[in-house]
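Novice: The primary structure of each chain is shown beneath.
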Amino acid sequence: MTFRERLIATIRAARPVLESPGVLVVGSEVPNLLEQGAAATLVVSQDLDVGVPVGRHAALKERLGDLHGFEPSADEPSVWTPRSPELLELNFVGMDPAQDPAEAYVLEDDRLPLLVFGALSLLSRGAEIEIGGTRLALPRPAGLLLEKLVTDRTGEKGERDLLVALGVLATSAPEDLDELEKLYRRLRPELRHAVRSNLTILSLLAPRPGMPDPQPRRADVAGLLRRFEASETEAP
Amino acid sequence: MTAVHERRLRELRSRMLVRAFDHRQRRHARGVWFRLRRVLTFATEAYALPPDEAKRLLAEGHRPEPVGRELEPSRVILFVPAARVAKVASARRLAVRLSAEVLSAECLALVPFEAGVDAERGPSRAGRAGVRGLR
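Sequence lines, in order, name chains A and B. According to the working numbering, the first sequence is numbered sequentially starting from 542. According to the working numbering, the second sequence is numbered sequentially starting from 579.
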């Protein structure tokens, strides 16, 4: 079974929650789904991140009973593990548009507690696509790109996240980059610096299997960094 | 709150504290790595040069990137057009990465991407002209 087939089977099995109002697919699978025909060639990941607006949490919970292909992990109930090896796991994360991008909190709940990551407040609803008979909503590329670049992670996970950002950059249109620049300017200086710093890390990453190759995109990354610097008053 | 959520929150908040510290210290030694990565980001190619070749390029007016002097021992890091580097027979091409080879090179010639960087003056002096239309 190919990775794409697993991804599509997962989307089909997760239909009850993915079609819940306000829910977005976020994270590493988005570049795969943004490819022509959801070709899923860019990123190999073992989970599907499901972004849940905190205001829609109650509505989503009502649909959990229809989620027959998964069960909550005993260790981390916001992660639902597949009952079949042919599916990816679901990782539910909270989104709160009022939250500071550098903060996080836990939305306590007996059935589906959520880690609410502030950086996800940068996401807004984008394209809707239909895959495997499921209509799902994706974030706008600009917000997703900025969320990946502003998120501070370390080590393997951090590098993979930056390569996800590269995957989004690879599928972005010029107008997405204009929107990205506007969003970037709204960040406070510390977060803008973090974005620029992450771009320099991304530019120097070595290629790795199953992820977008940074080498052919280094000129784009340099251009984006220069574009961000152009809006700064402080010297680099 | 589950133990996993508690741990992840604690780790995230720790990283935020470190990042805030990094930002406050960015003008000092803490920011050197960022500044070094930044000049490498603007380079499409990198070459290790013998010191005498670096001196020649300096004499021609190529200006050293300030971050080179922030390292100990200091390095000469220059942005040089590709055509000029091609004339340096002893230039040894390196992958543009934070590798041991790049970090140990006493003199580095960096070839800028065509757009947005003035090869004669390097990215630190390239002004504020943004690069539009990346695709």
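The set of hints was computed from the structure by calculation and includes no laboratory data. Mixed in with the good hints, there may be bad ones.
[Claimed, not checked] For the chain B half of the interface with chain A, some residues (derived, Cβ under 7 Å), not all of them: (1) R585; (2) M594; (3) F599; (4) R615; (5) L672; (6) L681; (7) F691.
Just so we're clear, the structure is a prediction, and the values are computed from it rather than from any experiment. Think of the CB as a built atom: it goes at the ideal place given N, C-alpha and C, for glycine as much as any other residue.
Novice: Let's test the interface hint: is any C-beta of chain A closer than 7 Å to that of B/F599?
Specialist: violated, 10 Å
Novice: Checking hints one by one. Is B/L681 an interface residue toward chain A, by the C-beta closer than 7 Å rule?
Specialist: violated, 12 Å
Novice: Would you check whether B/R585 satisfies its interface hint, that is, whether its CB is within less than 7 Å of any CB in chain A?
Specialist: The hint is violated - B/R585 has no Cβ within 7 Å of chain A, the shortest such distance being about 10 Å.
Novice: Hint validation: B/R615 versus chain A, beta carbon distance must be below 7 Å. Holds or violated?
Specialist: Constraint on B/R615 satisfied, holds at 4 Å.
Novice: Taking the least C-beta to C-beta distance, is B/F691 closer than 7 Å to chain A?
Specialist: holds, 5 Å
Novice: Going by Cβ atoms only, is B/L672 closer than 7 Å to chain A?
Specialist: violated, 12 Å
Novice: Minimum Cβ distance from B/M594 to chain A below 7 Å?
Specialist: Check passed: Cβ of B/M594 comes within 5 Å of chain A, closer than 7 Å.
The structure does not agree with the numbered hints 1, 3, 5, 6 stated previously, though it agrees with the rest.
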